[in-house]
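Asks: Each residue of the sequence shown is one higher than the one before, counting from 2 in my numbering.
No lab work stands behind these hints: they were computed from the structure. Model, not experiment: these values are computed from the prediction. Note that CB positions come from ideal geometry on N, CA and C, so glycine has one too. Hints may contain errors.
Cut-off 27 Å, straight-line C-alpha distance, at most; resulting in silico cross-link-like pairs (DSS-like, lysine-lysine) [unchecked claim]:
#, residue 1, residue 2
1, Lys191, Lys438
2, Lys250, Lys239
3, Lys438, Lys493
4, Lys319, Lys438
Derived DEER-like restraints, expressed as beta-carbon distance ranges [as the list claims (entries may be wrong)]:
#, residue 1, residue 2, range
5, Gln161, Gly364, 13 to 23 Å
6, Ser521, Ala309, 20 to 30 Å
7, Thr153, Ser521, 32 to 42 Å
8, Ser159, Met392, 23 to 33 Å
9, Ala307, Val458, 52 to 62 Å
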Amino acid sequence: MLARLDTALSRAAGMQLDPKAGSGSAPRGLPARFAPPALAAAAAAAWLAVALPVRAQTPARPPAPAAAQAMPPVLLPASPQRAPSHREPPPAPNLLSGLRSAAAAGQGAAALGMQEAVNRAVRWHPSLHNARSQLLQQTESIEAARSGYYPTVTAGVSSQASNNPIGDTDSQHQHLAQISVTQMVYDFGKVGSQVDQAMAASGAARAQVLLTFDQVIRNTAEAWVEVSRNEALVEVAKQQVASLEALTKLVKERQDKGAGTYSDTAQAQARVDEARVELLTAQSQVRLWRTTLMHWVGMEMPPQIAGAPTPALKGTCKADAASRRASVQSTAAVQVAQSQLEQARAGLDLAEAQLRPTLSVSGSVGRRLGGDYGLPGTPRTDASVMLNFSMPLYEGGRLQSGKRAAGYGVSAATAALDQARLDAIQGLQNAVLQWRKYSGRIQVQAAREANMRITRVLYRQQYLQLGTRSMLDLLNAEQEYYSSLNDQIESKHEMYHQEIECLYYMGGLRNAFSEGEVVSHAISAPNLPSQHVAGEVQ
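Starting from the given sequences, assemble the full structure and let the hints guide the process.
Replies: Laid out in structure tokens, this is it:
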């Protein structure tokens, strides 16, 4: 203990004094009251305040063996009764680092592959709920049309007042409760045409649900591809900026040594500025497409993406012509047009049926209410049964005009079906041709990139060592090299884009992304799935 006290006193005595202060000034970093005469006393008091409580609570121990004394000291965990240690406390956790870690973890959790992005989109997007609600609406219209096959039952109470006695009574007031039933017997296809029209409308709504699924999947996948494309362009732009900055620094050093000119430096700096503009443009495009993807998948923050496109895209544009023509007939757009044609034909049948007669049976039962029912023996209840036969004779040409309009509707729907098939075939053929173009270009672009990689190295050596190349040659080689990288990125992602288009026009997007179960539920379940808003997708 005395040895430790001596050490503390010697350290206090050896503290550096401020050279500008006098002999009675305090050491640098200490308050003014710690003058050198009292420094030793203050150090001793501080040491005693620390050491004595600890020694007072620590029981005496027998001397350790020599082997134990030679071992390095081991720090044991403090017990609850032990006095708190006066050593320097461990550093407090860095809150900023924690926030950054949490943000990084959040970004990592939010990173979406193409498959996951599509899964989120088809489970929340409002357009799907809209199409689903319209399907349910049209389904109910089928039941409404079928009700024409069933009898109509009505009941009511009527009250009549007259200035003369009513019927065989002396009363000028009469109250009558009545119930009636009407049943259609034969209407020459009026109700049947209404049912067919409603079923065709329901089929069109069902096909519209499928088309909406295809559109949501297509747009989500293409937004994901665009994010991937522009992120790759950002990385190439960063490499280009770094390479040109290093080259500019080298040219500047040569200028300072008299081996180069200012024009070379200015030209190199101009290329750096151009590369920075390309980088800023690519970064803005990344933000734009991340925001677009955010809206499709229903998230509150622009998501990060991860992984590669789904393997189901590969080879979709390689199908033979016969398979492509057959698959076009099953696309959702063609199904919508086909259902609309059936709806138009049912409307024409209904318009023709409206010109024909209708046969029905009706019956009614009425009972007088009140105290005076007429002559003695007059029944209080009246019953009747009627056979009705009705046919429109003249309505100002309304029915004939409706029939002609329905015929034009059939012609328009037929043309719309042909147009839908043509659009699908044309879109598929264009996608196939575009995919072939980019698949052929990417091989040539890879060879060009390899040649430019060698060229830029040779040009740099010739510029620095032989002086046979100018700075313009060197800058052009750099630009050509990174341009070849950008071209490969563009071609690769254009191939992804065209593969999505091929699947879209062949009606295979839902199967490619394994959304068959979700689609089946959407077109068959009696109730809508719960609505989600952006940020609530689980």
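Asks: For every hint, state whether the structure bears it out.
Replies: Okay, the hints, checked on the actual structure:
1. Lys191 with Lys438: violated, 56 Å
2. Lys250 with Lys239: holds, 16 Å
3. Lys438 with Lys493: holds, 11 Å
4. Lys319 with Lys438: holds, 13 Å
5. Gln161 with Gly364: 13 to 23 Å: At roughly 22 Å between Cβ atoms, glycine 364 and glutamine 161 fall inside 13 to 23 Å, so the hint holds.
6. Ser521 with Ala309: 20 to 30 Å: holds, 28 Å
7. Thr153 with Ser521: 32 to 42 Å: holds, 37 Å
8. Ser159 with Met392: 23 to 33 Å: Hint holds: Cβ distance 29 Å, inside 23 to 33 Å.
9. Ala307 with Val458: 52 to 62 Å: violated, 34 Å
Violated hints for the displayed structure, listed by number in ascending order: 1, 9.
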